[in-house]
Every structure is written in structure tokens, then in C-alpha cells.
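Visitor: If you're matching them up, the sequences are chains A and B in order. Here the first sequence is numbered in full-length UniProt numbering, starting from 1 and rising by one per residue. Here the second sequence is numbered in full-length UniProt numbering, starting from 1 and rising by one per residue.
Since the hints were made in silico from the structure, they are not lab data. As the structure is a prediction and not an experimental result, all values here were calculated from the model. Do not rely on the hints blindly, as some may be mistaken.
30 angstroms max Cα-Cα, derived DSS-like pairs, lysine-lysine [said to hold, decoys possible]:
#1 A/Lys407 to B/Lys175
#2 A/Lys8 to A/Lys92
#3 B/Lys160 to A/Lys407
#4 B/Lys175 to B/Lys160
Okay, the calculated beta carbon distance ranges per label pair [to be verified]:
#5 A/Pro412 to B/Gln142: 51 to 59 angstroms
#6 B/Phe119 to A/Pro412: 31 to 39 angstroms
#7 A/Ala419 to B/Met83: 23 to 31 angstroms
#8 A/Leu5 to B/Val24: 35 to 43 angstroms
Here are some, though not all, of the chain B residues that point toward chain A, as calculated from beta-carbon distances under 7 angstroms [unchecked claim]:
#9 Glu35
#10 Leu58
#11 Glu149
Ideal placement from N, C-alpha and C gives every residue a C-beta, glycine not left out.
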Amino acid sequence: MLKYLFAKEDDIPQGTTALFFAVSSIAWFIIGTGLGSFNAAKLAFPDWYHGLYALQFGHMRQVHVHAVIFGWIAMAFAASMMYITPALGNTKLWSEKLGVWNCLLYNIGLCLALALLWTGITSGREYSDHIWPIDLYIAFVMVVPWSLNVWMTIVNRRTQGIYTSNWFFAGCMFMTIIVFLVGNLPEWFHLTGLNEAYMTWWFAHNILGLLITPVAAAITYYIVPKITGNPLYSHRVGHLHFWSIVVFYSTPAAHHLMSSPLPEWLKSFASVEGVLILVPAVAYVCNILLTMQGKWSLFVSNIEIKFTITGVLLAIPLNMQGGFQQTRAINWYIHGTGWIVAHAHLALLGFSTFAEAAAVYYGMQVLLRRKLYSASLANFHFWMLLIGFSLYWTSMTIAGLIQGAAKIYEVPYVDVVIAEHPYMIVRWLGGTMVFFGNIIWLYNMVMTARAGVVIPAGRQPVEIAYTR
Amino acid sequence: MAWTFNRPLYSLSSEDQNKEAQHVWEHESLGGIAENNNPLPRPVIGLLILTYFTAMALTFPLYGQRPSAAIYADYVSLMNSTMVQEVMNDKSITHDQANSRAMAMIEDSLQHFDSPYTFQRAQHPIDLDQLRVIAPQIVELQHAGVDLEEYTVVGPTVAKANFFNLQPDGTVVAKQPWWDKGYTIAVWWFIIFCAAVIITVKRLPHFSWRPDHTIAH
Chain A
1 MLKYLFAKED
11 DIPQGTTALF
21 FAVSSIAWFI
31 IGTGLGSFNA
41 AKLAFPDWYH
51 GLYALQFGHM
61 RQVHVHAVIF
71 GWIAMAFAAS
81 MMYITPALGN
91 TKLWSEKLGV
101 WNCLLYNIGL
111 CLALALLWTG
121 ITSGREYSDH
131 IWPIDLYIAF
141 VMVVPWSLNV
151 WMTIVNRRTQ
161 GIYTSNWFFA
171 GCMFMTIIVF
181 LVGNLPEWFH
191 LTGLNEAYMT
201 WWFAHNILGL
211 LITPVAAAIT
221 YYIVPKITGN
231 PLYSHRVGHL
241 HFWSIVVFYS
251 TPAAHHLMSS
261 PLPEWLKSFA
271 SVEGVLILVP
281 AVAYVCNILL
291 TMQGKWSLFV
301 SNIEIKFTIT
311 GVLLAIPLNM
321 QGGFQQTRAI
331 NWYIHGTGWI
341 VAHAHLALLG
351 FSTFAEAAAV
361 YYGMQVLLRR
371 KLYSASLANF
381 HFWMLLIGFS
391 LYWTSMTIAG
401 LIQGAAKIYE
411 VPYVDVVIAE
421 HPYMIVRWLG
431 GTMVFFGNII
441 WLYNMVMTAR
451 AGVVIPAGRQ
461 PVEIAYTR
Chain B
1 MAWTFNRPLY
11 SLSSEDQNKE
21 AQHVWEHESL
31 GGIAENNNPL
41 PRPVIGLLIL
51 TYFTAMALTF
61 PLYGQRPSAA
71 IYADYVSLMN
81 STMVQEVMND
91 KSITHDQANS
101 RAMAMIEDSL
111 QHFDSPYTFQ
121 RAQHPIDLDQ
131 LRVIAPQIVE
141 LQHAGVDLEE
151 YTVVGPTVAK
161 ANFFNLQPDG
171 TVVAKQPWWD
181 KGYTIAVWWF
191 IIFCAAVIIT
201 VKRLPHFSWR
211 PDHTIAH
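For reference, chain A alone in the conformation it holds in the complex (with noise of 0.2 angstroms):
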């Protein structure tokens, strides 16, 4: 990375950022993913360790949640971002040095703020954890930069029309640059109390709702036409899609508080644009898997598909829990248990992740021209990541229901933790099987460009057989 800091434009080769930035994304997925055990860890087995303070759980939670958001997620999206949006204008991206400059200060910025959580400097606000500084840090050396490349580069396109995955890339990252600044208020104006609370999930629900899922799902309007070489089912379903998200999933913040005094009217809003968030997930799910038709042997066979459409697949329990479970009638119940963690990891390591995960494995072979070095270790990492988040997802699920019926009946604190604890074990091991394979992942990436069949110019990797 560093001989490209200085160079000329025209001296990088092209793909160098969505490069580093896949590379530095699996690395962050590795240290999220292991923070994530260990923290299941002292949640399933409380007494093994009880060493350095800034290694106990109050700490190391925020730092895993910003380590996997920031790190996996973001970087993955903007690796897949930096390769996808100049394909689909048929250009090259906008500044290669800019990506790379922007790659270097995003994982110092993201060191610097994970180093200042783990010492407990934070903002004490869920999601918004990092003090206003590193908030400023991360809009304009980390975000706008990014944002900046996106939007030049679909300026500077060699084609008239744009197809859907940059609209979304586009608008998603416009959109996380407002929710970041409004949404970090609180801090830059000491807001307290119910506006407090209120803007701070705004801003938990927008990230979520216009970054992590429209890029993932823009992502996979690449990948499967690309891979399959069916067209994209339908151009206007896409609309449907994109603006259903602008319009619902921006407004329902307060169905993440109804059990607080906020005006009633305001949740009642809340919660009918909570359900309609069935809108976008129908029209997107319906879009990609009619498009998937006369293809599906590719679901068995190719891994990016199989990812893709694995995400896909998870896109529908996700989108039937979030629509739902913040009704009034349902969130009595599960509000503040560990179904709404289960909820979160479905969202962020199912269908999120999996859409990303195919997206590194389809970029990084297209940009080293080089066959993905082993069929069966991606596929390994496939059914750990896969096996992983289900023991995750259903012992959570599980876990959240007891505790859920534990509130209402009110049954003493302690014996809800220990009949949650066999779940606690489960969830330990879900997520340590999730960072095993991406261990084995990132081993198979070094190797893919170190040792992977070259792929010809102008073919796909998908045409070029394995090797191993």
C-alpha cells in the first residue's frame, strides 16, 4: 500500500483500493468475529477470566459491535463499491489515490477509536459509542472520502443509464452521511433525556436501515445477474425497491422505543412504517430470486452464489422479525432480550455478511485475475459461517423468548440466567465456528493470490475450473 501513497494517478493499477480495502475488511472480520467469541465467552463462562479490566465485558462489547460495523461491514462495502460502481459505468474509479489514501486513514481511524472504547472513552450512547472528535474523524476522513470516489466515479460513467446497484451505492452513502452528523447530536449539543434517546436510534435504525441493508442487497444486484448472466429481473421493481427504503425504512426510529414516553402518535407512525418495511424485502427478494430463474444449479455449485443467495434467503426471516416484532403487541415481549441480538446478527452476520462475503470472493479473484485457490476450503468457511450464525441465531432466539416470559411473569433475575445458560454455550459456539472460518478465509485469499490459476483476459472466474 505505502509505494501507492505517493505515486502518480495513472502509476496505480486499477482495482488497488477495492483490493486493500478487502483485505483490511476480512482482517477486521477475523479481529470482530474473535472479540465477538470472547465475549461470549465470559457470557457463557463467567469465571474464566478476570484479568485486565479493559478486557471485561462493559468494554469489549462496543468494541466488537464498531470492529465488525465498521470494520468488516463498511470496509467490505467499500471494497465491493470500489470495483462495482466503475464496472457498471463501464470507467475506472474516480482516484485510485484517493481509495488508497482513504483505505490507509480508515484503519488507523477505526485503531484509534476502538483503542479509545476499550479504554472506556465513549459517548455512553448505544451504536453512537465513539466521542465527537472520532465522530468528525469518521464523517470526513473516513466516510466522505469514500462517498466522494462513489459519486465521481458514476459522474464520470460511460453510459447513459445507471444501473440499480449504483442508484443504491449512490443514495446509501448521501443518506449515512446525514444520519451520521444529525444522528451524532447528542454529542455535539449534549442533548439529554427522551431527544437523547430518541436521536440516538434514529441513528442506530438509519445506519442499519439506509447503509448495512440497501448496500448489501445493491451488492447482490451485481453479483447475481453478473455470475448467472441472466438479466436483472425487472428494472422497475428495482425502483420499487430503492425508494420504498428512502420512504419507510428512513421514518419508523421510534418503534426502538415504544415502551417510552414518546408521544403515542409518533409510535403509532412508527409502527405502521416498521411493518411496511415488508415493502422493500418483498420487492427486493422477489427481484432476485426471479432472476435467479433457469439458474439455480449455481446455488449448489458456484460460491458466490451460494453466499448470495444464502443472504438472500435470510433477507425474508429477517425482514418478517423486523416488521413485526416492533408492534406494540409483540414488543412488549421480546423488548430488550436476546431476540433482538439474535435479530442484529441475523440482520448484520446472515444477511448482510453473506451478500458481502460473495461479494470479496467474486472482487478479489476479478481484480487479482486469479481463480479462487480452493473450492473446498471456501466451502468450508461457507458452512462454518452458515452453521455458526444458526447456533447463534436460534439459541439467541431461544434465550430471548425465556427471558422474554421471565419480564412479564416476573421470575427472579437469577434463575432466567440459569436457564439461559446452556443457550449461552451454544451462542459461544456459533460464533467461535464463525471466526474459525474466516481464519480459513482469509488463508485461502492469500493463497488464491499467491498461487491461484490465472484467469485470461476477458473471461469470467466463474468459466475457469478449480484446481483443488
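Could you slot chain B onto chain A? The hints should help.
Guide: Okay, now just chain B, sitting in the frame of chain A:
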């Protein structure tokens, strides 16, 4: 950017605009990817309509809302009656037995009277220990002459309800409504969304036109 309104459900673009869009659609390769022009399948349209009505029906305040203090007023009166108090204070039986017998008497008595709160009582059952906690607060509110429908029971506390129904005279009524302005906003929000998306897709060539992807690929 000319618009035509001759056949709004077919297309809002002129024939020339549609021909130009079709030409671009078929002649450019978006990074090797193409797009079709299919409509939503009809069962999916049905699913979306069902989703909308489910969203409206499922979120009504009546369901899962906190109980109003008014639904327990009769419980409190009956609990304070001599007959029930005798059972509650009967030292020859256990506390739990006394509770369940007293509650059975209260519920049996309530069944003899019509009440607008029957449904809500079924939604928010209460036991005698909880009733003991909230009863003094309800009695105090009754003495103060306030409308109990404007108060909700939140765990052990009877608190002013969190509804703000602004009346024409400027006063605020805190009664739980069957409809509030959140729903009105939601209805308009949805209508405007539908109109905007319909206008957007009707600017495209009609869905009966199928692009030929062999031209650019």
C-alpha cells in the same frame, strides 16, 4: 422531459421518449449486466396490499397497549366490598388461597354487568396482589374526580396516559384513541409514496415491451 397524459396507466412518456429509452436500454452494456422490464408478479402485488392492511390493522393502539386505569375501577370497588374483604382477611386459609377465592368472587360479580371494558380486561388480566398495589392510587384519582381513562397502569404505578389528542378548544385529552394522527400521517405517507413510485415507473416504457439483450451483449 415532456409528459403525456393520454394513457397514464400505460405510460407517462411520449412515444419518442419511449423509443429513445428502449434504444439506450438495448444498446448499452452496464458492465456486462442487463436489466429486464418485468412488472411485479400479481401474487406479489397481492402480498404487498395484504402487507399494507396488516400494517394498519396490527398496530392499532388497542392491541398491546398499556391498560387504562378505568378498566380496573370496578375491580377496586369490588375488592373493597365487605364480602371480598372478609375472604381476603380470612386467617384460616393461606394467602394464595385467599387471593384466588377473592379474585374469583370479583370476576364472578363482574360477569353480571355489561361493561365497555370487557375486551380490554381480557387483554390485561390482573391478580389480587397487583390490584392491592394500584387500588389506593385509583381510589385517590376517583376522589380527585379525574377521568380514569386518561390514566394508564405501568407496573405498580398509575400514571397520566401518554396521549395528546388536541381538542378544537385547545385542551388536550389523554384518552387512548382508536385512531390517532400517527395513522393519518401514515395513510398520507403511503398514498404519496404510491403516487411517486407509480409516476416513476410509468415514465419507463410499458412493461409489455421486452428488451432484446442480444444487441449489446
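Visitor: Does each hint hold? Answer for all of them.
Guide: Results for each hint:
| no. | hint | in the structure |
| --- | --- | --- |
| 1 | A/Lys407 to B/Lys175 | holds, 27 angstroms |
| 2 | A/Lys8 to A/Lys92 | holds, 15 angstroms |
| 3 | B/Lys160 to A/Lys407 | holds, 23 angstroms |
| 4 | B/Lys175 to B/Lys160 | holds, 9 angstroms |
| 5 | A/Pro412 to B/Gln142: 51 to 59 angstroms | violated, 34 angstroms |
| 6 | B/Phe119 to A/Pro412: 31 to 39 angstroms | holds, 32 angstroms |
| 7 | A/Ala419 to B/Met83: 23 to 31 angstroms | violated, 41 angstroms |
| 8 | A/Leu5 to B/Val24: 35 to 43 angstroms | holds, 40 angstroms |
| 9 | Glu35 | holds, 4 angstroms |
| 10 | Leu58 | holds, 5 angstroms |
| 11 | Glu149 | violated, 14 angstroms |
When the structure is compared with the earlier hints, violations turn up for hints 5, 7 and 11 and for no others.
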